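**Q** What follows is each chain in one-letter form.
There are 2 protein chains.
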Amino acid sequence: MVYRVHPSERVPHHVDRDYFLRLLSEHIGNNGLLFDAEDLRPYECDGLSAYRELPWIVALPETIEQVQAVLRLCREHGVPVVARGAGTGLSGGALPVANGVLLSLAKFNRILEIDPVNRTARVQPGVRNLAISEAAAPYGLYYAPDPSSQIACTIGGNVAENSGGVHCLKYGLTVHNVLQVRIVTMDGELLTLGGSGYDGPGYDLLALITGSEGLLGVIVEITVKLLPIPPCAQVLLASFDSVEAAGEAVAAIIGAGLVPAGLEMMDNMTIRAVEDFVHAGYPIDAAAIVLCEFDGIAEQVESDLLKARDIFRTRGATDVRQSTGEAERKRFWAGRKAAFPAAGRISPDYYCMDGTIPRKRLPEVLHRIAELSAQYGLMVGNVFHAGDGNLHPLILYDANNPGELERVEELGGKILEVCVEVGGTITGEHGVGVEKINQMCLQFGTSELAQFHAVKRSFDPYGLLNPGKAVPTLHRCAEFGAIHVHRGRVAHPELERF
Amino acid sequence: MVYRVHPSERVPHHVDRDYFLRLLSEHIGNNGLLFDAEDLRPYECDGLSAYRELPWIVALPETIEQVQAVLRLCREHGVPVVARGAGTGLSGGALPVANGVLLSLAKFNRILEIDPVNRTARVQPGVRNLAISEAAAPYGLYYAPDPSSQIACTIGGNVAENSGGVHCLKYGLTVHNVLQVRIVTMDGELLTLGGSGYDGPGYDLLALITGSEGLLGVIVEITVKLLPIPPCAQVLLASFDSVEAAGEAVAAIIGAGLVPAGLEMMDNMTIRAVEDFVHAGYPIDAAAIVLCEFDGIAEQVESDLLKARDIFRTRGATDVRQSTGEAERKRFWAGRKAAFPAAGRISPDYYCMDGTIPRKRLPEVLHRIAELSAQYGLMVGNVFHAGDGNLHPLILYDANNPGELERVEELGGKILEVCVEVGGTITGEHGVGVEKINQMCLQFGTSELAQFHAVKRSFDPYGLLNPGKAVPTLHRCAEFGAIHVHRGRVAHPELERF
Numbered sequence: 001m002v003y004r005v006h007p008s009e010r011v012p013h014h015v016d017r018d019y020f021l022r023l024l025s026e027h028i029g030n031n032g033l034l035f036d037a038e039d040l041r042p043y044e045c046d047g048l049s050a051y052r053e054l055p056w057i058v059a060l061p062e063t064i065e066q067v068q069a070v071l072r073l074c075r076e077h078g079v080p081v082v083a084r085g086a087g088t089g090l091s092g093g094a095l096p097v098a099n100g101v102l103l104s105l106a107k108f109n110r111i112l113e114i115d116p117v118n119r120t121a122r123v124q125p126g127v128r129n130l131a132i133s134e135a136a137a138p139y140g141l142y143y144a145p146d147p148s149s150q151i152a153c154t155i156g157g158n159v160a161e162n163s164g165g166v167h168c169l170k171y172g173l174t175v176h177n178v179l180q181v182r183i184v185t186m187d188g189e190l191l192t193l194g195g196s197g198y199d200g201p202g203y204d205l206l207a208l209i210t211g212s213e214g215l216l217g218v219i220v221e222i223t224v225k226l227l228p229i230p231p232c233a234q235v236l237l238a239s240f241d242s243v244e245a246a247g248e249a250v251a252a253i254i255g256a257g258l259v260p261a262g263l264e265m266m267d268n269m270t271i272r273a274v275e276d277f278v279h280a281g282y283p284i285d286a287a288a289i290v291l292c293e294f295d296g297i298a299e300q301v302e303s304d305l306l307k308a309r310d311i312f313r314t315r316g317a318t319d320v321r322q323s324t325g326e327a328e329r330k331r332f333w334a335g336r337k338a339a340f341p342a343a344g345r346i347s348p349d350y351y352c353m354d355g356t357i358p359r360k361r362l363p364e365v366l367h368r369i370a371e372l373s374a375q376y377g378l379m380v381g382n383v384f385h386a387g388d389g390n391l392h393p394l395i396l397y398d399a400n401n402p403g404e405l406e407r408v409e410e411l412g413g414k415i416l417e418v419c420v421e422v423g424g425t426i427t428g429e430h431g432v433g434v435e436k437i438n439q440m441c442l443q444f445g446t447s448e449l450a451q452f453h454a455v456k457r458s459f460d461p462y463g464l465l466n467p468g469k470a471v472p473t474l475h476r477c478a479e480f481g482a483i484h485v486h487r488g489r490v491a492h493p494e495l496e497r498f
Numbered sequence: 001m002v003y004r005v006h007p008s009e010r011v012p013h014h015v016d017r018d019y020f021l022r023l024l025s026e027h028i029g030n031n032g033l034l035f036d037a038e039d040l041r042p043y044e045c046d047g048l049s050a051y052r053e054l055p056w057i058v059a060l061p062e063t064i065e066q067v068q069a070v071l072r073l074c075r076e077h078g079v080p081v082v083a084r085g086a087g088t089g090l091s092g093g094a095l096p097v098a099n100g101v102l103l104s105l106a107k108f109n110r111i112l113e114i115d116p117v118n119r120t121a122r123v124q125p126g127v128r129n130l131a132i133s134e135a136a137a138p139y140g141l142y143y144a145p146d147p148s149s150q151i152a153c154t155i156g157g158n159v160a161e162n163s164g165g166v167h168c169l170k171y172g173l174t175v176h177n178v179l180q181v182r183i184v185t186m187d188g189e190l191l192t193l194g195g196s197g198y199d200g201p202g203y204d205l206l207a208l209i210t211g212s213e214g215l216l217g218v219i220v221e222i223t224v225k226l227l228p229i230p231p232c233a234q235v236l237l238a239s240f241d242s243v244e245a246a247g248e249a250v251a252a253i254i255g256a257g258l259v260p261a262g263l264e265m266m267d268n269m270t271i272r273a274v275e276d277f278v279h280a281g282y283p284i285d286a287a288a289i290v291l292c293e294f295d296g297i298a299e300q301v302e303s304d305l306l307k308a309r310d311i312f313r314t315r316g317a318t319d320v321r322q323s324t325g326e327a328e329r330k331r332f333w334a335g336r337k338a339a340f341p342a343a344g345r346i347s348p349d350y351y352c353m354d355g356t357i358p359r360k361r362l363p364e365v366l367h368r369i370a371e372l373s374a375q376y377g378l379m380v381g382n383v384f385h386a387g388d389g390n391l392h393p394l395i396l397y398d399a400n401n402p403g404e405l406e407r408v409e410e411l412g413g414k415i416l417e418v419c420v421e422v423g424g425t426i427t428g429e430h431g432v433g434v435e436k437i438n439q440m441c442l443q444f445g446t447s448e449l450a451q452f453h454a455v456k457r458s459f460d461p462y463g464l465l466n467p468g469k470a471v472p473t474l475h476r477c478a479e480f481g482a483i484h485v486h487r488g489r490v491a492h493p494e495l496e497r498f
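Protein chains in written order, with UniProt numbering: chain A, 1 to 498; chain B, 1 to 498.
Read the hints as simulated data drawn from the structure, not as lab findings. Heads up, some of the hints might be wrong.
Note: identical chains are not told apart, hence a pair may lie in one copy or across any two.
Stated by the list, open to error - Below, computed lysine-lysine pairings styled on BS3-like, alpha-carbon distance capped at 30 angstroms: (1) 225 <-> 414; (2) 307 <-> 170; (3) 170 <-> 225; (4) 456 <-> 225; (5) 414 <-> 456; (6) 414 <-> 360; (7) 107 <-> 225.
The model shown is predicted, which means the values in this text are computed figures rather than measured ones.
Okay, chain A solo, but in the shape it has when bound (with noise of 0.2 angstroms):
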């Protein structure tokens, strides 16, 4: 399925592409570059697969400098560039651009310094995240925020998308682990952001191009924070016989004034279908389960368990185990982490959805959740970050269906709206990319929309980068239907200029 790029976010240019091509091998040789539709087919989607799009060229630059060069070309020619990491993304932000160039920043791989003093690591992009970890284990520290994805998915891709993780709720998304970037702008410019201060002078650039999903520059390094191994971390297994309790006795967890290191539910579709997949020990006629990890030093996770463990009881906990060990913990997790790929086991395509919301709002989401399932005939499972709120709703269907994918992208938005309306926001650490941009045009009002345009403007005037994602113009929400009504606002008078 091809993504329909509104006709406001199109980049036509006229490039004849062999002529374009011998450009771009002067600067980064045949080697870098990709354009028989055979090669090109592995970068036409990323982890959001119903959409795909073969790019006109893929570009693999090896140097910063190549990075400045193949973003010169592009300006000089008009010719939009996406950027893309390992791919792993889930709202579509790697979707190639039909007449643009893919610029893969695979062959950045290395990691440059591990400084255990300053408790930093210097990497390039193209870095795994959990290459990082591995990397600062002898010296007893990691790199905290751990995607489901960690295996593969890579810092560039993380600091594009602020990804988040299991651990988040305790450690922080990236913007709150990463101390520097540097970009190359479109104009081939670039720039080092942040630094090792804690705050830093001049605008925070750094913030502000952490999860900006590619559309402000390309990075092309990343100083991450490290932090030491906690010496202790244990996980307790909480089963409930409804989604409520289980949500309730959450809440109870966060209003105890307890910092879980990690605190997730899944509901029984997913733990029959994680059960059956890796075998994590959970209990699969519960309704719903909790997971819930402390971390630090021994005695604190010991009090800290005791109390999670009384509060999960007198909520109405049916069980409660504890991880006897190491080897428990990571089964606790690994079925966690798993739970999309089950999914993909028990029906032919799933489309998992993330946003947030408020955390006191969760029995009712959950409620209305489940009447659009019903409405719509779609099955819809439920793994979540609770202690976040962070809300990734997994709807089951079958893409041979003709029509279901269709019906499966409508309730996935009345999914985002209901999230919008108790107060929450369409996305919680997926990025909104390709997926989530009509719902933009509900989160944000057309003055929020205008500055976001304005700010990318500053970076880059020619609208050549990752066009129609992550914002969408305001013609696009125009004929979505919602500028006109969105907290009661008529028409932007500056509507016109996007």
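On the provided structure of chain A, position chain B as indicated by the hints.
**A** Relative to chain A, chain B alone:
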């Protein structure tokens, strides 16, 4: 002393003051306007009292609509605007512009909502930092960032400066504790940035605004995170017979993986000044003291205190005392928080610097500061957030001695240059304001500065908000002599644009 505005930073206009006052009064009434020299006097400086300038007009709006009206009028007539909270800032960020409106947020002093379930407080920008914690206390909650000025400073100023405090080592700066802000742009548009979710869709304009020193918009509402008041907190006071030994003990505490709530250091000169002033119980013969606080549950605090005490002893502490209760704990901190005013008692004037350095460079930097102090014949006391590597050298002087302030400024500049040289930054938490604007030319290259200006234009294309602060024009840097040598780069081709 009048701040030397660079010609490229001036915003000339020929608007008649009486005429403009009439326009303003139509929107905010005569009670919201000050224009007599007598009434303008209290606004002529902020905490950086070395620079003074009377504003053209002071406006005190009461509603968001009035702020919008003031900004729209100023934009229409090309009148510059400086927003002001309590005026406790230390870098001159709220220094008025002679032909501009000083926009005081003093009347925005209401706490709009405390939400104990979601642990948030929604407040107006003129609410004092400490007032938020006082309002949250009945729910067992508090607002964590605690600048030394927290009795007086306002949360709006905290956001504008991304303020820190002694507990930021564990709880983060303002940016880590703010969930949402509403700002009015120079166009009079009201934008809502950030939200309740953990990550938000769209660019992270909340982080961009935080610490932007009033250059991008006027903050009119803020939602902050509240935290549960820790059930237990105790502080160690360790004495050392050399500053170097104290510095190494600090590094050892961090190196052991401990996370103190605060980790502060003071040298002998500061200890004596403070002790004489607030009788905090500090050892006046120590070359340096370290304050090290842990908070959390009692078992963990006990365990952490034991470990830290061991480290201090091993690293040569001549004495280690532990606060015996809440009263003593508060007294130990009272000394630290009074360090600046205490310096004011032993010297007619003092100048507080604010730079950060990588922690491992601490002994070397302290040595360089001592050398510079001798060279300039000016006493320098050292108080700092040791855990963060955030230094606050206090230069003592007498403004009545002709030429002495100029020597102080030169010495201050040299100290900041040392910070940059060792890989640090020219500000830790006080902002750049007018104080460090020249050193920004050393901190950043022209590409970064050009990008800062581009971002500024995306919010305020007319350059009317707080002109001459925080980000130097490239013309200023060229005259300061920094541009053509920084990082081996030659003058920026786009220099002429600024």
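**Q** Please go over all the hints and tell whether each is borne out by the structure.
**A** To see whether the hints hold, each was checked on the structure:
1. 225 <-> 414: between (38 angstroms within a copy, 29 angstroms between copies)
2. 307 <-> 170: both (17 angstroms within a copy, 23 angstroms between copies)
3. 170 <-> 225: both (15 angstroms within a copy, 15 angstroms between copies)
4. 456 <-> 225: both (27 angstroms within a copy, 29 angstroms between copies)
5. 414 <-> 456: Answer is within: at 28 angstroms inside a copy they meet the 30 angstroms cutoff, but 37 angstroms across does not.
6. 414 <-> 360: Within one copy, since 20 angstroms is at most 30 angstroms while 52 angstroms is not.
7. 107 <-> 225: Within one copy, since 23 angstroms is at most 30 angstroms while 41 angstroms is not.
This entry satisfies every hint, going by the numbered hints stated previously.
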